[in-house]
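Participant: Now for the letters of each chain:
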Amino acid sequence: MKKGNILIVLLLSCILVTGCTSQEILERIGLVTLIGYDAAEEDKVTATSVIRQINPELQSKVEVQSETESTSRGTRVKVDMKTSKKLAAGQLRVILFGEDLAKNGIEDALHTTMMNNEISTSIYLAVVKGTSKSLLEYPYKDVTDVGQHIYNLMDHNIEQQHIISSTLHEIVRDNYSEVRNFALPILRKNGEFIQFDGTAFFSHGKMVGNLPAGDNFYILMMQDNFKDSTLELVLDGQSIDSSKFEEKQLQIAIDSIKTKRKIKVVNPEQNEFDLTIDMKCRLLEINSLIPTSDAKLLEKIEKAINEKVKNELSRILKYSQEVNSDIYGFGEQYRAQVRGAKLTDQKWREMFQDMKVNVDVDVEIIRNGVFE
Amino acid sequence: MFREPKKNATNSNEQQNKEEPEKLPIPASKREFLDVLKEKVHSPADLVIKNISATVTIVYLDFLIDGKILNEQILPILEKEQSAPPKTIKEKLPIAEIDLSAELNKSVLEMLIGAVLIHSEGHSELVIAKISSYQSRGLSAPENESQVIGSQVGFNENLATNISLIRRYITNPNLCNEKFTLGKDTMTSLSVLYIDGIASEQHVNTIRQRIEDLDISDLLDSAVLSELIDDNSFSMFPQLLLTERPDRFCDGLLSGKVGIVVNGSSMAILCPYTFIEFFQSREDQNLRWQIATFIRLLRFMAMIISIFFTPIYVAALTFHYEVIPQPLLVPLSESRAIVPFPPIIEALVLELIIELLREAGARLPTKVGQTIGIVGGIVLGTAAVEAGITSNILIIIIALCALASFTTPNYLMGNVIRILRFPIIILAGFWGFFGVMLAFCFLIIHLLRQSSLGAPYMAPIYPPRWKDWPDSFIRMPLPFISRQSVNSRAQSNNQETNENLAKEEKVIR
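Going down the list, the sequences are from chains A and B. Under the working numbering, the first residue of the first sequence carries the number 1, and numbering increases by one thereafter. Under the working numbering, the first residue of the second sequence carries the number 373, and numbering increases by one thereafter.
Note that these hints are calculated values from the structure, not bench results. Every value quoted in this text rests on a predicted model; they were computed, and no experiment measured them. Positions of the beta carbon are idealized from the N, C-alpha and C atoms, including for glycine. Just so you know, not all the hints are guaranteed correct.
A few chain A residues that don't get close to chain B, going by computed Cβ distances all over 12 Å [claimed, not checked]:
#1 71
#2 109
#3 175
#4 203
#5 265
#6 285
#7 300
#8 302
Computed beta-carbon distance windows for the label pairs [to be verified]:
#9 A:276 <-> B:845: 48 to 56 Å
#10 A:255 <-> B:703: 35 to 43 Å
#11 A:80 <-> B:738: 55 to 63 Å
#12 A:366 <-> B:703: 40 to 48 Å
#13 A:83 <-> B:749: 35 to 43 Å
#14 B:703 <-> A:108: 36 to 44 Å
#15 A:5 <-> B:791: 21 to 29 Å
#16 B:738 <-> A:15: 41 to 49 Å
Whole structure, please, built from the sequences with the hints as guidance.
Facilitator: Rendered as structure tokens:
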């Protein structure tokens, strides 16, 4: 009797509780794969969504819808009114911010995105030069699905360490840390293509500056260890071998670059850091006049690379100090290494700008003459 | 709750049984004897009564006895011995199984098995010459448990043949054979086999007691017996193994299991059995261990795929579109686009069609069976996709699941895996991954609670029996495998005797 009762309760709850979950059947929803936010008048936001529509008769197509409202949820309701299927953001892969909005601050947008449990934290974020609306609504000749295209573009470039990794998780982690800032890659429409155009530096959620794409390598090198990358350098030709080599510039390419980054606080009072970068690489391209079998010459080349990389790093560091954006985690290191540092947001802001960094680069060419 | 009324029934029946067997004396006069006998067996058409002389009469049931022995060994001697007393006849007849009986009921039973009753006028005693002949089919290859490498002989329906097969595999004086008779109406004989010293005494006692406690009217197949004596009749999972392979049966006996062979059934029972052992095949031991390990792991993977793949598809498409990988998104939704049903209905319909095909294939004669495959596979499958009733990706998934469920070496376990999908699909359609997890938890709890002859069903996973792991999911090389699992080992014998026995077995083989 008792057992029977339990069974009935179980069966009933099976049927009754079933009504509580909302069904989202794949082909009956419109999948938003990309959202672009732009600043509009009166503190409003323009949201441009790339929606994948599944169409039974025709080939499935991509729809780009744009609406302006004061909250992102409000824009979604407005877009919903224009689409035949209910919108769902669970398959969202990329969020783009227009340049104007980025300069006004994207902290709120980050916060609302994190609060939405539908959205994964592994989506990518990027800044668009100009407005994201114009980037997304342009009918590209060779791109059928602009959402997927941008996602793939970012995915493989981040994988190859060509641009800085900007997943929602990492950005929000840096943003919530009091003594660290974040950076985002910049996208730009270039004719029929979409391409990367550098790195945007943020300070307290607001875009404060940017560096061109060529500097990505050095930024990444200071942010973290490096696994595998390729770099093209222009060295001073005179310093290598003036007798054989008369041109002023020597162009070389190195690849299989592995770097190790170390930040050490040498003098907490003076606010002095040691930044050591160990770099191992393979010499890939060099002028044929230079004999690579000569060990002494290689040493000279190593030295030249050292000098070059060091200069670049110092330049970029100086720029980020100017715009006051600590995207490398010097503050975190300071807090970790100095006992009782009691760093606050305000304090570190001031400290970062007048900190002194001794950059030390140690390049080692482990192989040369590999012909592929 | 299930067993109690049965016990009451046994008690009342025992009382009846005690009253029933009244000892009927055998009438000394020939005429009277024949009258009583005819009344007892309702004078069937195959009852043969033959007057050898004025005094000696033989009675037997046609087709049950060996006519050759009767003609060559019994009749000539009886004709010589006119009016001899039963004792003399018994001594004179050159037959091994011969007996004297003064009790009619017992004699009639013997006649029903296949004995010749010899009555001599003036004596209230009968000579019973047991010369029964069995009509049985020849030994053939087992059809349901076929294997590529290894012996190709299966049990047949004859108890004597089956036991002789087993004895040929295991020449060991410790091989015990206990005979039981079950079923009031059928008097089916069955043998409980085990190897003394290897099998656990406790398991033998349990089997003995469960069989003795049974009160059934008839027993036609060992599968029925296995359901009657298992631990939990409400579970879907088989707890005792039914096998038609003598080598597998002997393998079980040698690893300490108890076996039951039922007359008239070509399947023998082995117990206690564990969940993992149902996924093992005898052939695993005949293959190289690396290959056997791969195949075993494949079977377990197939089981998991078979149970959970369709439910996960249903759950992901109904509730969790977030987890679908981006490259799959477009093909999945495009194949689903023209399907008018929600995924749960679609999946259930397709699963039902597969079950229909399987059942139709199993029931039809083999010659027609092939058509079913063509009709089902090609016509139904392609047409359903083209008509837009199902998506072709689901067809692939369902076919994969069906295929995977057939890799289970045991047919009964394979059935469970197929049926188990339906409730999980329904739960997945109701509650998504939450429902699938719920079903998974329920399944694990249920399996952990099961026992086979009181031995844990999920051993050696839980309780962990590390010594048995080399022969569970994987198969290590033979020297690493302990021959007797911890589950079914006799408690009294120590390691030494075990090793000795193992050596003996090797010599015998």
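Participant: Please go over all the hints and tell whether each is borne out by the structure.
Facilitator: For each hint, the structure was consulted:
Distance check on residue 71 of chain A: its Cβ is at least 22 Å (rounded) from any Cβ of chain B, clearing the 12 Å threshold; non-interface status holds. Distance to chain B confirms residue 109 of chain A as a non-interface residue, since its nearest Cβ pair spans about 20 Å, more than 12 Å. Distance check for residue 175 of chain A against chain B: the nearest CB is about 24 Å away, which clears 12 Å, and the non-interface claim stands. Listed as a non-interface residue, residue 203 of chain A keeps its Cβ farther than 12 Å from every Cβ of chain B; the least gap is roughly 33 Å.
Every CB of chain B lies more than 12 Å from the CB of residue 265 of chain A, the least distance being 43 Å, so the non-interface label holds. Distance check on residue 285 of chain A: its Cβ is at least 35 Å (rounded) from any Cβ of chain B, clearing the 12 Å threshold; non-interface status holds. Remark: the non-interface label on residue 300 of chain A is consistent with the geometry, its nearest Cβ contact in chain B lying 49 Å away (cut-off 12 Å). Under the 12 Å C-beta cut-off, the non-interface status given to residue 302 of chain A relative to chain B holds; the minimum distance is some 43 Å.
Checked against the hint of 48 to 56 Å, the pair residue 276 of chain A and residue 845 of chain B passes, with Cβ atoms roughly 50 Å apart. Between residue 255 of chain A and residue 703 of chain B, the C-beta spacing of about 37 Å keeps the proposed range 35 to 43 Å intact. Between residue 80 of chain A and residue 738 of chain B the Cβ separation comes to about 59 Å, which falls inside the hinted range of 55 to 63 Å. Separated by about 45 Å at the C-beta atoms, residue 366 of chain A and residue 703 of chain B satisfy the suggested range of 40 to 48 Å.
Checking the proposed 35 to 43 Å range against residue 83 of chain A and residue 749 of chain B shows it holds: the Cβ atoms sit about 40 Å from each other. For the pair residue 703 of chain B and residue 108 of chain A, the beta carbons lie near 37 Å from each other, so the given range of 36 to 44 Å is met. Residue 5 of chain A and residue 791 of chain B have their C-beta atoms about 26 Å apart, which keeps the hinted 21 to 29 Å range intact. At about 44 Å, the CB distance of residue 738 of chain B to residue 15 of chain A agrees with the hint of 41 to 49 Å.
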